[in-house]
Amino acid sequence: MSVAGHFIYWATIYLMVIGLFIVIARGNLIKKLVGLSLFQTSVYLLYIAPGKLIGGTAPIIADGFSVYSNPLPHVLILTAIVVGIAVLALGLALVARIREAYGSIEEDEILAAGEPAQ
Amino acid sequence: MMVATVTVLARSRNLFAVIVLSGIYSFLMATVLVALDAVDVAMTEAAVGAGISTVLLLGALHLCRSDEAKPLQAPWRSLAMAVATVGVLVYGTYGLPPFSDPQAPIHRHVAPRYLNDSVKETGVPNVVTAVLASYRGYDTLGETTVVFTAGIGVIALLRRRGKQREKDAA
Amino acid sequence: MKDDLVLRVVTKLFIPFILLFALYVQFHGDFGPGGGFQAGVIIAAAIIFYAIIFGLPTTRRVVPDWLVETMVAAGVLLYGLVGVTGILLGGNFLDYFVLGATPVAGQLRGIFWIEVGVAITVSGVMLKTFYMFAARARDE
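Residue numbers (our numbering), protein chains in the order written: chain A, -7 to 110; chain B, 2 to 171; chain C, 205 to 344.
So that you can see chain A by itself, here it is in the shape it has in the complex (with noise of 0.2 Å):
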């Protein structure tokens, strides 16, 4: 439990926290996109860190090589992140059409319009 041992893990959950805060916080569509782009992001850390071991090398087998890097979080994630770029493309669609339809993409002034003018 020592300081060094865990400190990676803290600058994630400060990552994803901030990105968790964007989310919830601000009002702008676009600034909570990215903010959920920015959690997901920091969840790729949460996951690869604990797969490295120092010393070892990227999992790709060559000669003179022994110790290798966990391979698995790896796959997880690269699949992670295309679906991660999924999700921004689909959600700045619906941006694009909410700002055609209400003319504007702050969530309050979305939720005070009521219906959209089309």
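Derived by calculation from the structure, the hints in this document are not laboratory data.
None of the hints are false.
Listed next, the in silico SDA-like pairs over lysine to any residue satisfying Cα-Cα at most 20 Å (straight line): (1) Lys24/A - Ile102/A; (2) Lys216/C - Pro261/C; (3) Lys121/B - Ala54/A; (4) Lys216/C - Arg264/C; (5) Lys44/A - Thr32/B; (6) Lys24/A - Ser96/A; (7) Lys24/A - Ala51/B; (8) Lys44/A - Val59/A; (9) Lys24/A - Met82/B; (10) Lys121/B - Arg137/B; (11) Lys216/C - Leu227/C; (12) Lys24/A - Ala72/A; (13) Lys121/B - Gly236/C; (14) Lys44/A - Asn117/B; (15) Lys24/A - Glu98/A; (16) Lys121/B - Arg313/C; (17) Lys121/B - Val302/C; (18) Lys24/A - Arg14/B; (19) Lys24/A - Ala81/B.
We have chain A already, so just place chains B and C on it with the hints.
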């Protein structure tokens, strides 16, 4: 440095600055990932996070064309919730193994089998590609389908304007 | 931006190398970092680069809409076809061992084709999303 970037991003209200800062954050994340020996992931994160993500955000910003409005009230409740989340998560990390511990459970069950047998069974030295394409190929099919669905969703959401313009012009 | 001479020349110089690098990343994904996703994103980035400098209508003539939409679907189809081929040749779905003369050759062939499928779909989707955003902005 990443912590500083993210803090400035949270407080900044100019959306263009927010997007550029998120690109910087992605590049820094890619650098950290290389330091953690995750080379495949770093390349993907750099290309996707700093490249495509920034382009799409800029495209959306061009369509929306606004800056963030000043928040109406100070976000004390959200801040309290965020701090509480930090507390809970930090308490949770005490159960995690310390950084780079060879005896951690993550290194002892499936991973040694992949590392030892993947060249014999698949003939591919890059273990990440072998696991992604062969051992867990079904998951990659699902992921490709997710990307495909996102593409279809974007087409469905943003297509109608062209047809309406043709109808208006006709 | 297509009136700026420096940008035009540099773009025309760089884009072939970027596409070549994308192909390198795709096919060397077995031996170094890389693979289908990275290659697909780099291809899309190269064409978006071209679109930013030379404008969307020119890019639409070079890489037309029907091609991009076909690419979006073709990659997933290719992946599924590799899986179904496994069934037709006697194995399970997405079984690579039956695809070649020896199990290892079958694995290599299967991995090659599904990475190609992934790259095609990813580049198609990224490109189509960019086209949709840019076209929408021009209509306003």
